[in-house]
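Sequences are here, hints too, so could you generate the full structure?
Line order of the protein sequences matches chains A and B.
With the numbering used here, the residue at position 8 of the first sequence is 8, and numbering never jumps.
With the numbering used here, the residue at position 424 of the second sequence is 424, and numbering never jumps.
It cannot be assumed that every hint is accurate.
[To be verified] Pulled from the structure, derived: some chain A residues nowhere near chain B, Cβ distances all over 10 Å:
1. Lys2
2. Lys12
3. Met17
4. Tyr26
5. Lys30
6. Tyr56
7. Leu70
8. Pro83
9. Lys100
10. Ile104
11. Lys112
12. Ser113
[What the hints assert, rightly or not] Taking lysine-lysine pairs in the DSS-like style, the calculated list, with each CA pair at most 30 Å apart, reads:
13. B/Lys15 x A/Lys105
14. B/Lys55 x B/Lys15
15. A/Lys12 x B/Lys123
16. A/Lys12 x B/Lys67
17. B/Lys121 x A/Lys12
[As the list claims (entries may be wrong)] Restraint ranges, calculated between C-beta atoms of paired labels, are given here:
18. A/Asp62 x B/Gly65: 42 to 48 Å
19. A/Cys80 x B/Tyr142: 18 to 24 Å
20. A/Thr91 x B/Gly65: 42 to 48 Å
21. B/Glu197 x A/Asn81: 42 to 48 Å
22. B/Arg159 x A/Leu70: 52 to 58 Å
I should point out that these hints are in silico values taken from the structure, not numbers from a laboratory.
On a predicted model such as this, the values are computed, not experimentally measured, just so you know.
Glycine included, each C-beta is placed from N, C-alpha and C at the ideal position.
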Amino acid sequence: MKTILILSKLIKNLELMADFLQKQGYNTIKASSYEDLDKILIDPYFDIAFIDIAGYDNNIWDYCEKLRLLNKPFYILSSCNNPKINEESLTRGAKGVIVKPIVIKEFLAIIKSLAR
Amino acid sequence: MKNHNKGVKLSSGIKGLDEILYGGFLEYNSYLITGGPGNGKTTFCLHFLEEGSKKGEPCLFVTLGEKEEQIRKNAGKLGLKLENVHFLDLSPSSKFFIELEYYDIFSPAEVEREPVTQAIKEKVEALKPKRVVIDSMTHFRYLATDVFQFRRQVLSFLRFLTENGATVLFTAEASAEAPDSDLRFLADGIIELSFSEIGRQLEVKKYRGSDYFPGQHYYEIKNNRGIVVFPRLLFTEKEVNINFEKLSSGIPEIDELLYGGIERGTVTIISGPSGTGKTTLGLQFIKEASGRGERSVVYTFEESVEKIIERALSTNIPIKSMIDKGTLEIKKIEPLIYTPCSFAQLVKEDVEKRKTKIVMIDSTSGYKLSVRGADLTTHLHALCKYLNNQGVTVFLPTETKKITGEFQIAQEDISYLADNVIILRYMEIKGELRRAIGVLKKRLGDFEKTLREFQITKYGIKVGEPLKNMQNILSGAPISIEET
Chain A
1 MKTILILSKL IKNLELMADF LQKQGYNTIK ASSYEDLDKI LIDPYFDIAF IDIAGYDNNI
61 WDYCEKLRLL NKPFYILSSC NNPKINEESL TRGAKGVIVK PIVIKEFLAI IKSLAR
Chain B
1 MKNHNKGVKL SSGIKGLDEI LYGGFLEYNS YLITGGPGNG KTTFCLHFLE EGSKKGEPCL
61 FVTLGEKEEQ IRKNAGKLGL KLENVHFLDL SPSSKFFIEL EYYDIFSPAE VEREPVTQAI
121 KEKVEALKPK RVVIDSMTHF RYLATDVFQF RRQVLSFLRF LTENGATVLF TAEASAEAPD
181 SDLRFLADGI IELSFSEIGR QLEVKKYRGS DYFPGQHYYE IKNNRGIVVF PRLLFTEKEV
241 NINFEKLSSG IPEIDELLYG GIERGTVTII SGPSGTGKTT LGLQFIKEAS GRGERSVVYT
301 FEESVEKIIE RALSTNIPIK SMIDKGTLEI KKIEPLIYTP CSFAQLVKED VEKRKTKIVM
361 IDSTSGYKLS VRGADLTTHL HALCKYLNNQ GVTVFLPTET KKITGEFQIA QEDISYLADN
421 VIILRYMEIK GELRRAIGVL KKRLGDFEKT LREFQITKYG IKVGEPLKNM QNILSGAPIS
481 IEET
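In structure tokens, the structure reads:
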């Protein structure tokens, strides 16, 4: 069973995403701060990551670099479709940017393709 | 209540609204209550549920905006008793803000629709309510991914409720961004509420399967009474058997002018400039009615009750004993409190409950100034017609602006309302201001075409012989025929 890391400042976002992914048959690891992320990255036992960048400072991109170096496929979740964010995300190794709110069908397709 | 249609109707809990809906809402149908903020949509719905709970019916209020506690508190202030009404409170709690319940990862449609639907389904299946209120359906718009889904969801939701035995009222908060036009197609009936400077008005815009009383009706929201609806008067109200007997004025000369008097159940305009004695003449007919033991009501818009009493006493009209006997009531109508419909309701109730035979609206210009509303002549016409149909005789003292000179019956074109027109005019004779009386119109019979001198003395009204030796009386400056 694949394990998915989800990062978001909003607790409710983490809960909803975790519930949804668990219903789809995935394990989840939740993180809401850099401290949480630091601990998880010591032993990165997840397969995929979704990083909701809303509410984080520029240091978030360093963590994206770390994920890239760890060869962990990840997507950036953003509140808006911003060319700068898109460019930065791809430069830092993201597979792509998903604009919130997430369309469930598209999201499922992305997870399945990443899981393969 | 007239049964205009097949099918069982549930009372709305508001007497006036039931009259407009010819009995209430058709069972197992759904109705949209729409209007801007502050129009009383929720209160209309609460009356509906209160009525059901009084009859022991299971009633359910689904709130998606206001908290249950707040609704109960507001209902209490309006005198509504909701102890037996069940609530399903789906409004957001303060936790949503304080405990970071906010989310943006999925759309509300994905996250909230299922728990909301489930909660309603469970409650409806457990309670089997006969009456359901959804306040407001607009909330479901935000739980749908698109317009098509919204329409399907609402239709299916309403069917679920009605198939489970409920009659449903639902509110909508229409705005420029989210108009409620789609909900209008889905509902079996629509009641539209509006508020303007002339008052609160409601109109039934649609009522599948039933007739209804069309047009704008006024309503008020009152503490301890809730909503009071005043259906506008309909000309075709049931007629009583009217006996067009002639009512004497008690002054032989006036009766001669009128060939015996005015007919019962007619409208008489008493037209004249200020101070000519219009009210006194009306009171003279009322005095005679009092002698016959008939009850009259004077609605005074301008003068105080005390002034009218004082004036009547000074002209030998025993007004105090008439009031004491109960054959006369004088009601002061405070300005800008009544709408045309609420005033009409006041008159109607008095006529029906207390068997009033004569009504004097003193005066028509006072009515127009004091009663809020548009198209007052039409409303006054409707009221007079209703009173005629009930066999009530109506007097309308009507002021003309010009003291003398160019002849005029009234400032506004209201003469068509009248079956009879009695005119009072000033005339100047040898430097003395005197009054004249005449009859201009009498729909149900002939009348004397001459003018006579009219005097108000401490012994009462005195009317002279026909002024046959004068002409140009209506100009205010008559000349003797001998002089010409």
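Hint-by-hint comparison with the structure:
A/Lys2, annotated as away from the interface, keeps every beta carbon of chain B farther than 10 Å; the closest lies near 19 Å. With a minimum CB-CB distance of about 4 Å to chain B, A/Lys12 fails to clear the 10 Å threshold, and the non-interface call is violated. Once the 10 Å rule is applied to beta carbons, A/Met17 is inconsistent with being away from chain B; the minimum gap is 6 Å. Residue placement check: A/Tyr26 keeps its beta carbon more than 10 Å from all beta carbons of chain B (closest about 15 Å).
Residue-level check passed: A/Lys30 sits 12 Å from the nearest beta carbon of chain B, beyond 10 Å. Consistency note on A/Tyr56: stated as away from chain B, and its beta-carbon is indeed over 10 Å from all of that chain's, at 14 Å minimum. Separation of A/Leu70 from chain B is adequate, the least Cβ-Cβ distance of about 24 Å exceeding the 10 Å criterion. Non-interface call for A/Pro83 relative to chain B: holds, since the shortest CB-CB distance, roughly 21 Å, exceeds 10 Å.
At the 10 Å boundary, the C-beta of A/Lys100 falls inside the reach of chain B, the nearest C-beta of that chain being 5 Å off. The Cβ of A/Ile104 sits about 6 Å from the closest Cβ of chain B, inside the 10 Å cut-off, so the non-interface label is violated. Every beta carbon of chain B lies more than 10 Å from that of A/Lys112, the smallest distance being close to 18 Å; the non-interface claim holds. Interface exclusion of A/Ser113 from chain B stands, the closest Cβ pair being 20 Å apart, more than 10 Å.
Pair hint B/Lys15 plus A/Lys105 does not hold up; C-alpha atoms about 52 Å apart against a cutoff of 30 Å. At roughly 16 Å between alpha-carbon atoms, B/Lys55 and B/Lys15 fall within 30 Å of each other, so this suggested pair holds. Taking the CA atoms of A/Lys12 and B/Lys123, the gap is about 26 Å. The hint holds against a cut of 30 Å. For the hint pairing A/Lys12 with B/Lys67, the CA-to-CA distance comes to about 23 Å; that is within 30 Å, so the pair holds.
In summary, the hint linking B/Lys121 to A/Lys12 is supported, as the alpha carbons are separated by about 25 Å, within the 30 Å threshold. As the Cβ distance of A/Asp62 to B/Gly65 is approximately 44 Å, the hint placing it in 42 to 48 Å holds. Remark: the range hint 18 to 24 Å for A/Cys80 to B/Tyr142 is upheld by a beta-carbon distance near 20 Å. The given range of 42 to 48 Å is respected by A/Thr91 and B/Gly65, whose C-beta atoms sit roughly 46 Å from each other.
The hint said 42 to 48 Å for the Cβ distance between B/Glu197 and A/Asn81, and at roughly 47 Å that hint holds. A beta carbon spacing of about 54 Å between B/Arg159 and A/Leu70 agrees with the range 52 to 58 Å that was offered as a hint.
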